[in-house]
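**Q** Spelled out from the first residue to the last, the chains are:
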Amino acid sequence: MSNFLKISGLHAKIEADGGDKEILRGVDLEIPAGELHVIMGPNGCGKSTLAYTLAGREDYEVTAGSVSFKGQDLLAMEPDERAAAGVFLAFQSPVELPGVNNANFLRTAVNSVRRARGEAEMDAVQFLKTVRAATKSLSMQDEMLKRNVNVGFSGGEKKRNEVLQMTLLQPSLAILDETDSGLDVDALRIVADGVNKLRAPDFSALVITHHQRLLDYLSPDRIHVMAKGRIIRSGGPELARQIDQDGYATFLADAA
Amino acid sequence: MNSVDISVSDVGPFAQRLAAAGGVRSLAANAFAEVGLPGTKDEAFHYTSLRSLNRLKFIADSVVPSDAELESLIDNALPSDGSLASATRIVFVNGIFSEKFSTVSGLSAVSFTHGTQEEQHSVADNDLPLVLLNRALGCSTAELEVPEGTDAGTIVILSLNFGNATEGDEAPSFHPHLHVRVGKGASVTLAEMIIGKGVYLNNPVSVINVAKEASVTHTKLQRESADAFHLATVSPVIAERGTYNSFTLGFGAQLSRHEVHAYLEGAGSAVHINGAQLLVDRQVGDITSVITHAAPNCISRQTVRNVLADRARGVFQGKVFVERIAQKTDGYQMNQALLLSETAEMNAKPELEIYADDVKCSHGATVGALDDDQLFYLCSRGIPDAEARRILVEAFLIEAVGLVEVDDVRAALEGALSAALVERIGATTMGDGSLS
Ligand SMILES: Nc1ncnc2c1ncn2[C@@H]1O[C@H](COP(=O)(O)OP(=O)(O)O)[C@@H](O)[C@H]1O
Ligand SMILES: [Mg+2]
Chain A
1 MSNFLKISGL
11 HAKIEADGGD
21 KEILRGVDLE
31 IPAGELHVIM
41 GPNGCGKSTL
51 AYTLAGREDY
61 EVTAGSVSFK
71 GQDLLAMEPD
81 ERAAAGVFLA
91 FQSPVELPGV
101 NNANFLRTAV
111 NSVRRARGEA
121 EMDAVQFLKT
131 VRAATKSLSM
141 QDEMLKRNVN
151 VGFSGGEKKR
161 NEVLQMTLLQ
171 PSLAILDETD
181 SGLDVDALRI
191 VADGVNKLRA
201 PDFSALVITH
211 HQRLLDYLSP
221 DRIHVMAKGR
231 IIRSGGPELA
241 RQIDQDGYAT
251 FLADAA
Chain B
1 MNSVDISVSD
11 VGPFAQRLAA
21 AGGVRSLAAN
31 AFAEVGLPGT
41 KDEAFHYTSL
51 RSLNRLKFIA
61 DSVVPSDAEL
71 ESLIDNALPS
81 DGSLASATRI
91 VFVNGIFSEK
101 FSTVSGLSAV
111 SFTHGTQEEQ
121 HSVADNDLPL
131 VLLNRALGCS
141 TAELEVPEGT
151 DAGTIVILSL
161 NFGNATEGDE
171 APSFHPHLHV
181 RVGKGASVTL
191 AEMIIGKGVY
201 LNNPVSVINV
211 AKEASVTHTK
221 LQRESADAFH
231 LATVSPVIAE
241 RGTYNSFTLG
251 FGAQLSRHEV
261 HAYLEGAGSA
271 VHINGAQLLV
281 DRQVGDITSV
291 ITHAAPNCIS
301 RQTVRNVLAD
311 RARGVFQGKV
321 FVERIAQKTD
331 GYQMNQALLL
341 SETAEMNAKP
351 ELEIYADDVK
361 CSHGATVGAL
371 DDDQLFYLCS
381 RGIPDAEARR
391 ILVEAFLIEA
401 VGLVEVDDVR
411 AALEGALSAA
421 LVERIGATTM
431 GDGSLS
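From first to last, the protein sequence lines stand for chains A and B. Residue 135 in this note's numbering sits at position 135 of the first sequence, with consecutive numbering throughout. Residue 300 in this note's numbering sits at position 300 of the second sequence, with consecutive numbering throughout.
Looking at chain B on its own, in the form it has when it is part of the complex (with noise of 0.2 Å):
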């Protein structure tokens, strides 16, 4: 095994984890050492600076909860209404499979292993700085494999992740890694909720191969503590006339990216990068997104809505890669962003690279504040100010929202934003005066 020989000065805040990142991990330790963090010179962060982690040193060491406060934790983190309570449920404390409180014994069709992979430490030429970190400091793999043409319904996927108080300058960083591989004409909903207190790093990385004619519907919550770090990486791989469809809905985290890098490998395949986010404060939120069309006849959409109030930012970039065989592509992008203050910002860069000649391809992008005319609207009907504004960034999220086809996770991130709206913006939630 090789040794770690790390230049401590280089790697700044993670010195101390990967100097203790031996074995299989040097490998992985080394690279990152070697390209380091990310700087706002690289053109992938250009717009997300991740300077502010170096006022950290991350530790392996954290605080875990009793048993019976994450039990508790776990019971709100799921909607209130118990629709996804039976769900088979994989959970992660710190970044680390948690046995205990998952339910992986429910899981009949589907294979499950967990544990330190030897693959998930390897180290390709393009693998990307927030990938060799979580290779060379994560300890925990959950594999799922939903085998040929088996419906594996929903999965929750729960992180809880509990970092240290604001005042001190050590706090942990987890780097859990979740692949999932789809068989043949398969199907299955991944449900990612993520939760968290305190100071920390939260680093996954996820890798999906959806297999030929396979269905993948991908959605995360993501609620990490309001001093936390985000930075997460999600490759999806699509073969021949499968599907993956995600959405991300995020509020939580001081920064936070979420980067996909979807590859429509077979020809007829889809890939759905939709998403949403709320942000306060000074709170950043980067969706990033490389689609690649390397097959014909592939579709991509993406659908992103950004809602900025107080003094955060909203970034996002979206590449769509178009290569020579891909002809027949059809790739439409927009992001739309509304800004409830001056202050806000959303910066957005799409990006076409197209090398096909026979494509349809869009994009777009919007940024306003709330419409006049419907505030008026509703003001007009009695409803006061405060509320109104509430009602129209309810409706602005809600949209988008609704791209998730799956009804009792469409339902879950719906309740989950109306909470959100109701502690962010204000007011009562809307009367519900549904006709069912």
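Extracted from the complex, chain A is given alone in its bound form (with noise of 0.2 Å):
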């Protein structure tokens, strides 16, 4: 099982202002099932773009290097399809949708994703049913599922409704891009339950943060720093207290 998630060498690239930038420069990282690792890095450095290229957004285009994720080539895969294969990335900036129901959105995505995987689909009755007990353990109001998606929702409850739909949607890869930023104690504790919750021998977790105060519920395995588009430091959980301290200028020091 230890090549659950295989990052190696993974480059890619944007194009912007009609040039292209690389942000990606040979990321190489492997989580084994079961572990919940944790990224940290200046800002720039192309964590959310890392989280981006393996939830399959095409904006990123991949020049080389591979990810297999529980066997597969997950770079080979569509959007929808990684979602299924149990992939799900909790956006640093959620996605408004106005005129998309909060409660139907959230009853197509677990439907298509139980279709995916072969598992029957929920009736109206079941999901309501599924829904309710996750806004419960989530704190969030029932409310919250009559409103359009994400419209009008504070940055808190944005990032509470990224932790609902990772709960329904069971994945075995949760990537959380700074899913913490923003919120109060009391939030970070809920967004913390519902990773904690998950947790599992066959479920793992990429938590890119700058805070050693979400690190403190998750009880991470391993800490990887990242600068200028690659892994330059991997360690155990001290690792983020010493960033939490220093800041990241000792590493970037070292790497350069």
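If you're looking for bench data, these hints aren't it; they were derived computationally from the structure. Fair warning: this is a prediction, and the values are worked out from it, not measured in the lab. Errors might be hidden in some of the hints.
[What the hints assert, rightly or not] Think about it this way: if two alpha-carbon atoms lie no more than 25 Å apart in a straight line, the pair counts; the simulated DMTMM-like pairs of lysine to aspartate or glutamate are:
{"id": "1", "chain 1": "A", "residue 1": "Lys146", "chain 2": "B", "residue 2": "Asp407"}
{"id": "2", "chain 1": "A", "residue 1": "Lys21", "chain 2": "B", "residue 2": "Asp372"}
{"id": "3", "chain 1": "A", "residue 1": "Lys13", "chain 2": "B", "residue 2": "Asp385"}
{"id": "4", "chain 1": "A", "residue 1": "Lys13", "chain 2": "B", "residue 2": "Asp408"}
{"id": "5", "chain 1": "A", "residue 1": "Lys146", "chain 2": "B", "residue 2": "Asp81"}
{"id": "6", "chain 1": "A", "residue 1": "Lys158", "chain 2": "B", "residue 2": "Glu240"}
{"id": "7", "chain 1": "A", "residue 1": "Lys146", "chain 2": "B", "residue 2": "Glu405"}
{"id": "8", "chain 1": "A", "residue 1": "Lys136", "chain 2": "A", "residue 2": "Asp186"}
{"id": "9", "chain 1": "A", "residue 1": "Lys158", "chain 2": "B", "residue 2": "Asp371"}
{"id": "10", "chain 1": "A", "residue 1": "Lys158", "chain 2": "B", "residue 2": "Asp373"}
{"id": "11", "chain 1": "A", "residue 1": "Lys146", "chain 2": "B", "residue 2": "Asp408"}
{"id": "12", "chain 1": "A", "residue 1": "Lys21", "chain 2": "A", "residue 2": "Glu35"}
{"id": "13", "chain 1": "B", "residue 1": "Lys360", "chain 2": "B", "residue 2": "Glu265"}
{"id": "14", "chain 1": "A", "residue 1": "Lys158", "chain 2": "B", "residue 2": "Asp372"}
{"id": "15", "chain 1": "A", "residue 1": "Lys21", "chain 2": "B", "residue 2": "Asp373"}
{"id": "16", "chain 1": "A", "residue 1": "Lys146", "chain 2": "B", "residue 2": "Glu265"}
{"id": "17", "chain 1": "A", "residue 1": "Lys13", "chain 2": "B", "residue 2": "Asp372"}
{"id": "18", "chain 1": "A", "residue 1": "Lys146", "chain 2": "B", "residue 2": "Asp373"}
{"id": "19", "chain 1": "B", "residue 1": "Lys360", "chain 2": "B", "residue 2": "Glu323"}
{"id": "20", "chain 1": "A", "residue 1": "Lys21", "chain 2": "B", "residue 2": "Asp371"}
{"id": "21", "chain 1": "A", "residue 1": "Lys146", "chain 2": "B", "residue 2": "Asp371"}
{"id": "22", "chain 1": "A", "residue 1": "Lys146", "chain 2": "B", "residue 2": "Glu414"}
{"id": "23", "chain 1": "A", "residue 1": "Lys13", "chain 2": "B", "residue 2": "Asp371"}
{"id": "24", "chain 1": "A", "residue 1": "Lys158", "chain 2": "A", "residue 2": "Asp193"}
{"id": "25", "chain 1": "A", "residue 1": "Lys228", "chain 2": "A", "residue 2": "Glu58"}
{"id": "26", "chain 1": "B", "residue 1": "Lys212", "chain 2": "B", "residue 2": "Glu240"}
{"id": "27", "chain 1": "A", "residue 1": "Lys136", "chain 2": "A", "residue 2": "Glu121"}
{"id": "28", "chain 1": "A", "residue 1": "Lys70", "chain 2": "B", "residue 2": "Asp385"}
{"id": "29", "chain 1": "A", "residue 1": "Lys158", "chain 2": "B", "residue 2": "Asp385"}
Reconstruct the complex from the two isolated chains, following the hints.
**A** Here is the structure:
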């Protein structure tokens, strides 16, 4: 099971301002099944790009390297196929969908994934039961289900809505991109609980964060430091505490 | 009575019908013959060519299906949840009022008459060609009168149109006329629904008089046959503090034009001319309006959304005309288009003509494709691309339909929209996760 997720020499670029901009420059990262790994790194180093590339965003063109997920070539799959295979990305900036009812959206997503996984679809009653249990455990108001997806949600509500989707879609690889940013302590705890509830021998997580605070609740297995599109250092939980105290400067100096 | 003296070549596809339009109709027939069909040189038809009508010869004879067939078509045209089944119903078949299928006996407070009214065939200087055509060839008028202070509820106005097979060069034309007078402080919801089969021209004309403090909601669900022509003119006239709140939702016809001439006649009156259309193949759909603010403190609102796929083309022309007397006018106009293919096209022409100096008028237009961020967000949740696209298209249109304030009528339009999307954009309809 050591090759649950294996990212090897991943390069990705984006077309911007008429030219190519290389953002990922050889990412190597392995996450065994059941582990929670963390990526930390200065703004602009490519953390979100890595998250998007794993989820299948087309704008980022992979120019070299590979990603295998549970023995499959992840990069060959469409975004919806990746979701069905168990990849979930909690967006750093969740997207607003005017005119799309949140409850309808959630049920469509859940049933799409269930259909693709060969599971029975949920009818309205089953779904309602499931979603209500999930909102309750996340201390979310049911009223949020009646609104349009993320429209008029506060920053914290959007992040909780991401965790709600994660809870409902039952991923085996959750990628959380700064889900803790802008959350108060209570909300932070709820997000961490959401992740901890999923923890299992066949569930792994990749948590992108700047803060030790969230990690206090998550007990990560490994910390990776990213700079300029590469993982430049990996270590145990103490690495995060060191960054929390001293910032990234020493690592960047080492890497240079 | 005047005789009809029309030079056949001038009136092209209507020559035969106009030649037969004697008696009370001859005045309108002659007036139409004089102006003819508008061409693209006419500013009002710059984007919408009626040339394709010239391929045809319009005739009066038309096919009417059996009563049993009509009955089932009517059932299908109404919302499947039965919500409007008990509403009073005025039915036109091929442009002619059908007593048999209408339920006007259920109208207690409202007075209803039908037949041919002399007035229908009158001619005024500024009559539009398509209105003249309706007066020249129309033979059925429905008149509704909602007395002062009455709440008449919802009245369904159902039109079933049956044309010829696509092969021939003859097709029937239908010219129904509807005149609604809503008395002081009265209210009514008019829910028009139109369905059809085959090749034909539907040329309906509606006149709506909204008296002081009266309130009218008028919706239209246009599902003409894909081979049909739909050329409609609606003229609401609104008195002091009256409200005319309208919405048109169009899917059908190879060529459609929904043309509204709203006249804000009394101070403090309000008009909403909203709409949405979903067009595919080579459909052309034109939503045109002229809103005249002829009194102070009036409000006009216009929000139109277009979804255009394949080689479809949408046309939006909106003119807001503010007379010198119409101070404190509050006008808003917004046309938005979603293009689903590189070959789809939107022609938008907003126009403001303002003679008063203390007014607030704004207009805007947007044209764009589906948003990549939104699409990716949906797909990253496991929703396949085609379904994600359909969800976003539905969301775009459903927001517009949300402007309809009458619950059961809005629900009927939403249902029709979902069905049309599945048929036209594909993929199954979105799960109903509603909490009720
Ligand atoms: N869509 C994009 N267009 C142009 N530049 C981008 C785009 N996405 C990311 N970048 C650039 O790539 C670099 C890495 O961005 P990102 O992955 O968001 O970093 P991080 O999440 O680590 O802050 C930044 O310089 C950013 O400006
Ligand atoms: Mg980021």
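**Q** Looking back at the hints listed earlier, which ones does the structure fail to meet?
**A** 4, 6, 12 and 16
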